[in-house]
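One letter stands for each residue in the lines below.
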Amino acid sequence: MVRQFGEVLLAIALAPLFVGWIAQCRAWLQSRTAPPLIQPYRMLRKLFHKDVAMAADATLLFRTTPYVLFGSMVLAAAIIPSIATDLPFARVADAIALIGIFATARVFQSLAAMDIGTAFGTMGARREMMVGFLAEPALLMVLFNAFLLSGSTALPSLVEAYSAEPISLNPSLTFAGVAFVMVLLAENARIPIDNPATHLELTMIHEAMLLEYSARHLALIEWASSLKLFNYACIGFALFLPWGIATHGADGGLALLLAAAALIAKLIVFGAALALIESLSAKLRIFRAPEYLATAFLLAVLGLLVHLLLGS
Amino acid sequence: MLDPAAGPAVSHAAWVARDILLLQRHDLSWMLLLVLGWLFLGAIGLLRPHSLRFVARGLFPAGAVIGLGVALLGGVALLAGHAPQTMLLPLGLPDLPFHLRLDALSGFFLLLMGVAGAGISIFAAGYFRSGEGTAPGLLGLHYHIFLASMALVVLADDAYFFMVAWELMALSSYFLVVSQHRRPEIRQAGFLYLLMAHLGALCLLFSFGVLQGGNWQFSFDAMRSANHTPFWATMAFLLALLGFGAKAGLVPLHGWLPEAHPAAPSPVSAMMSGLMLKTAVYGMLRVTFDLLHVQFWQWGALVLVLGLASALFGAIFAGVKTDMKRLLAYSSIENIGLIFTGIGLAILFEACHLPLFAALALSAALLHALNHAFFKSLLFLATGNVLHATRRRSLGALGGLGRTMPWVAALALVGTLAIAGLPPLNGFVSEWLLLQSFLFTPQLPRPFINMLVPLGAAVLALTVALAAYVMVKFYGVIFLGQPREPALEDAHDANWLERMGLAWLALGCILIGVLPQIALRATGAVTRQLLGKTISFASPIWWIAPIAPKQASYSGLLLLAGTICVIGIAYVLVRVLAHGRIRRTVPWDCGYPWQTSRMQDTAEGFGQPIRHIFGPAFDMERELPLPSDNAPRYRIHVEDRLWRMVYLPIARAVQRVSDAIGVVQGGRLAIYLLFSFLTLLGLLAGVL
Amino acid sequence: MPHTSHWIVPSLNLLASILLLISFAMLSRRRTQRLITLYAWQGLALFVSTCLVAYSSGQKELVYSAGLTLMLKVIALPWILHRLIQRLGAQWDSELLVNIPTTMLVGLGLVIFAFGLAQPISMMANTITRNTLGIALAVILLSFLMMITRRKAVTQVIGFLAMENGLFFAATSATYGMPMVIELGIALDLLVAVFILGIFFFQIREQFDSLDLHHLETLKED
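Line by line, the protein sequences give chains A, B and C. Counting in the numbering used here, the first sequence runs from 1 upward without gaps. Counting in the numbering used here, the second sequence runs from 1 upward without gaps. Counting in the numbering used here, the third sequence runs from 1 upward without gaps.
It is possible that part of the hints are untrue.
Said to hold, decoys possible - Simulated restraints, written as ranges between beta carbons of each label pair:
(1) C:V98 / B:P649: 54 to 64 Å
(2) A:V269 / C:I196: 43 to 53 Å
(3) B:R575 / C:V98: 56 to 66 Å
(4) C:H82 / B:A653: 40 to 50 Å
(5) A:S281 / B:R635: 48 to 58 Å
(6) C:F144 / B:D290: 41 to 51 Å
(7) B:A653 / C:L191: 58 to 68 Å
(8) B:F296 / C:R31: 45 to 55 Å
What the hints assert, rightly or not - Which bits of chain A does chain C cover? Going by a derived footprint, with three or more residues having C-beta under 8 Å, they are:
(9) 49-56
(10) 278-288
Calculated from the structure, these hints are not laboratory results. What you are looking at is a predicted structure, and each value in this text was computed from that prediction instead of being measured. Yeah, the Cβ is synthetic: ideal placement off N, Cα and C, and Gly gets one too.
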């Protein structure tokens with residue numbers, strides 16, 4: 001239980017730092033002065049202390065959604081084994097059910113965006129749901145790959161099955177890994193699908209849904225988004241880079257410390273890689289998104305087929 | 001339970017013996033009594049056919065109570081695990097009395113009908129208004145005959161009785177569909193429905209004709225033990241698929257569904273979508289698994305392809321439709337597609353001797369059937385409320401109803417989230433199980449199949465995600481945002497009976513979602529009867545782990561509890577560490593000063609990405625305004641391509657044939673009499 | 001089998017998958033320039049995999065054919081094609097007959113077909129690379145598909161060349177390569193084919209002022 005709470009608190013604390021780290025890397029890559037690592041925390045503090053300015057006819061749905069988003073992301077963080085596999089909550093949902101939890105958050109966010117009835121809100125909701133239904137088949141195929149290799153979709157079992165094996169470049173896992181990164185970028189509203197920094201009305205997706213939110217509600221949503229990115233990264237580590245996670249039976253205090261260190265190291269490398277990808281690619285027009293996600297889907301399916309051909 | 005390896009004759013003898021032993025158990029007689037109760041309620045409505053008070057406040061709640069009884073007995077038949085009970089009724093043909101039978105399979109569907117039917121009946125008690133089409137008494141008669149006939153379809157144990165109940169179901173529902181018969185489009189929808197129902201019934205008749213296998217015994221027991229050659233078994237299967245597929249609305253036999261379901265009054269739409277489609281699922285399972293004992297994997301592949309096609313088709317079309325009831329009707333096609341996907345997988349696994357995975361897929365299909373009965377009924381009933389409050393069906397005229405109809409909005413939100421397949425509600429559980437069973441398809445011992453079928457999982461995921469899209473559109477456009485017409489400001493909420501009905505169904509959605517194992521025990525009884533296997537049940541009741549906990553597990557209850565805890569803690573912390581001040585103002589919307597309700601996305605706008613991405617699926621007709629237009633008008637009309645490519649050519653061919661035959665129709669009585677006379681002569685000559 | 005160390009087979013599988021991936025990438029690219037680059041990469045992957053097979057099976061001849069691959073497919077042909085499109089001014093040509101997601105889905109269907117077909121055949125072969133036969137077959141079919149879905153003459157030639165890559169890979173994976181004489185013959189053929197087609201391009205462009213092959217339809221007599 002202690003391990004569980006520690007893991008969740010670590011996730012909640014690290015998530016904004018991870019976003020800050022990516023922003024820093026991007027700034028360096030673009031020869032700008034980098035904001036400090038704790039910039040997201042400063043932002044959150046500022047937002048929490050402001051007064052909420054809310055549209056007059058916002059309903060209860062609008063007000064509860066930030067909490068629902070935050071709650072489901074924290075819960076997802078409790079389920080994903082980021083430093084240890086032996087967590088009491090880890091078996092509440094397998095990887096497929098995790099997609100479901102993310103989908104719940106997405107639907108709530110879209111509904112809340114439609115609540116006030118502004119043009120941008122509804123447009124954002126529509127686009128967000130579109131990206132969602134394009135990304136989910138690809139994501140499922142990635143999980144299918146993982147299932148074929150390990151015989152499980154429960155993340156703790158997956159991690160334990162992988163960690164037991166020697167390190168090798170498995171073609172199907174390589175393909176699935178690339179597909180997963182593509183889906184991760186799309187699902188977390190990052191370049192090439194969305195631009196987290198834009199406020200140009202016609203190109204935005206995620207930001208368009210948040211336009212009516214302010215102060216503590218906005219802070220919760222921002223925190224939830226950073227948690228979502230963090231969660232996706234941790235799912236990716238569990239699926240493709242499970243080494244370092246403390247497995248069942250070998251998870252004393254020292255092992256946990258090592259696991260946390262490994263997690264932070266992975267996050268640093270992965271964050272830098274994300275920043276590199278984002279700096280190198282251009283934002284796609286919204287109707288090129290199907291092509292982009294079809295490519296991710298294709299990669300995942302190729303991985304699956306190659307596994308069936310070569311593995312048999 | 002019976003040993004499936006034992007010969008059919010032995011098992012029959014065993015059933016008879018157990019029947020005698022279990023004479024003290026009279027579940028089936030009670031069940032029959034309850035079904036008769038429904039018929040009786042319908043009949044006494046005729047005493048005072050124009051009294052809305054008597055019919056609505058008296059008879060419909062009584063019908064709901066009977067529904068609960070039916071559900072209870074169905075549940076007992078399921079979970080008690082005793083042998084099937086049979087009964088003969090001294091009715092029917094001279095040498096073929098009506099056979100009845102209550103086993104796990106029929107018990108499950110009775111449970112489904114009873115529970116969901118109870119909710120719909122309670123709602124209907126508050127729903128019907130006087131002066132809307134058919135007189136209340138007559139409506140009550142049709143309604144209760146409809147309920148009773150569905151129960152009899154499930155209870156029938158011989159082909160003849162099955163067909164009688166089946167036709168009764170089709171007819172009574174036809175009368176319900178055309179209850180507002182003064183509107184021509186409703187009459188037209190009703191006609192199409194009746195036509196498809198009869199074509200389907202004809203296929204079933206032929207199917208049973210093949211199933212009796214040459215010994216002219218029409219009881220299901222005889223069919224079970226008949227030996228079918230592979231060719232005739234496949235013929236029977238295909239005919240049954242046609243017949244039940246037409247009733248279920250599988251693509252390409254779906255043409256009637258989006259016409260008939262929206263035409264009916266909302267409780268009837270709910271019954272047709274939630275319950276009647278399930279009788280087709282029942283029939284499919286009965287014929288394929290029970291009577292034909294699954295023989296070829298190709299059957300499963302066919303059902304799987306049809307199921308996936310229907311699911312995707314339904315989801316895509318629901319995405320572009322702008323009439324709220326029509327949208328739900330297409331969503332029914334989608335959900336039926338998901339159910340048949342599960343059935344197809346189950347057949348595939350069973351034919352390849354992987355019964356455990358077959359049980360998993362079948363459990364998913366059955367659970368989804370149950371779930372669909374809850375959430376689809378709930379949503380159809382909610383549209384009934386919206387319809388009564390606003391008199392509008394087009395999404396383009398609605399909006400912002402969440403503020404004026406909070407009860408309906410809150411309860412419909414549960415249905416929306418459930419049908420969108422989101423945890424921790426019930427729709428998610430069945431879709432999760434279906435995806436789990438897809439994970440094992442690479443183990444199918446056939447080349448090509450083991451590579452093609454896993455791709456079905458991607459189609460499934462796409463469908464489920466599209467369903468979420470559709471439901472955001474449905475709920476967001478109706479209940480959220482600003483009212484698109486000024487009249488909507490004074491829409492009234494549901495009355496207390498309606499609220500009870502909606503709440504009952506919403507409760508079902510939540511309960512099955514949070515504690516799915518209860519429902520899975522019920523489906524387990526069915527899979528044990530049909531396949532001899534069940535999925536494994538995890539030990540505390542709030543877990544499910546269908547194959548093994550190491551493989552995959554899920555717990556809706558813990559998920560819900562965890563989320564609520566986190567939300568609670570977050571709320572308290574935010575309030576303690578920060579503050580709770582709120583300033584109400586005008587919406588910001590990027591600083592645009594002027595906002596009207598017409599600036600919101602319309603339902604058409606919401607359909608635009610789907611039209612764009614799945615363009616080739618539609619027949620589109622668009623009218624775009626020019627920049628110079630003074631009164632710009634945007635119009636889009638999206639039609640089903642299959643309608644033009646399949647239905648219309650058939651209709652035209654039929655028209656041509658009937659024109660050709662029409663030649664003999666000269667209008668002279670003497671000629672007609674001559675035809676009859678010649679027929680008579682011919683018949684006599686044939687007999688001699 | 002001599003020298004079969006444990007890392008050979010996984011690496012070969014990975015290379016085979018990369019070949020397949022490049023074929024798909026070719027299907028989805030719009031620009032001719034990119035296609036040529038991808039073709040060069042494909043040749044490189046082929047070279048590495050042939051070297052690996054040569055090392056593990058100890059077949060001397062394969063080393064020569066690997067060298068030939070490197071010379072011809074990684075260096076010579078891409079360079080020739082590159083010069084060609086520069087002379088023709090056709091770097092940006094991209095006319096697809098079918099949209100990309102549909103092409104990819106069709107391509108997936110072809111891959112499944114190829115894999116299903118190859119499963120029983122590869123059981124008969126006894127090379128360590130036999131499992132990759134399905135991939136080789138898929139590469140051939142995908143290149144064919146690319147030729148069908150493109151309009152421009154240059155892209156069709158690249159499809160043709162990629163198809164030959166697939167054939168070469170099939171030969172290596174099923175029987176450790178074709179006899180040297182045949183391989184040399186094919187290489188020569190390819191070279192000549194590219195030259196002749198290059199001359200054709202100039203002719204076509206002179207005739208129609210474009211390399212779009214739908215102009216050829218006007219040659220039909222009716």
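F296 (chain B) versus R31 (chain C) beta-carbon gap, inside 45 to 55 Å or not:
Holds, since F296 (chain B) and R31 (chain C) (Cβ atoms, about 49 Å apart) stay within the stated range.
May I ask you to test the hint 56 to 66 Å on the CB atoms belonging to R575 (chain B) and V98 (chain C)?
Holds - the Cβ-Cβ distance for R575 (chain B) and V98 (chain C), about 58 Å, lies within 56 to 66 Å.
The segment 49-56 of chain A covered by chain C? Criterion: 3 or more residues, Cβ-Cβ distance below 8 Å.
Violated, because only 0 residues of the segment 49-56 of chain A bring their Cβ atoms closer than 8 Å to Cβ atoms of chain C.
Check the following: the C-beta atoms of V269 (chain A) and I196 (chain C) are separated by a distance inside 43 to 53 Å.
holds, 51 Å
Looking only at beta-carbon atoms, does the pair S281 (chain A), R635 (chain B) fall within the given range of 48 to 58 Å?
violated, 39 Å
Range hint 54 to 64 Å (beta carbons of V98 (chain C) and P649 (chain B)) holds or violated:
violated, 27 Å
Within 40 to 50 Å or not, the Cβ separation of H82 (chain C) and A653 (chain B)?
violated, 59 Å
Cβ contact check, 8 Å cutoff: the segment 278-288 of chain A against chain C, three residues minimum:
violated (count 0)
41 to 51 Å was suggested as the range; check whether the CB atoms of F144 (chain C) and D290 (chain B) agree with it.
holds, 48 Å
Within 58 to 68 Å or not, the Cβ separation of A653 (chain B) and L191 (chain C)?
holds, 60 Å
When the structure is compared with the earlier hints, violations turn up for hints 1, 4, 5, 9 and 10 and for no others.
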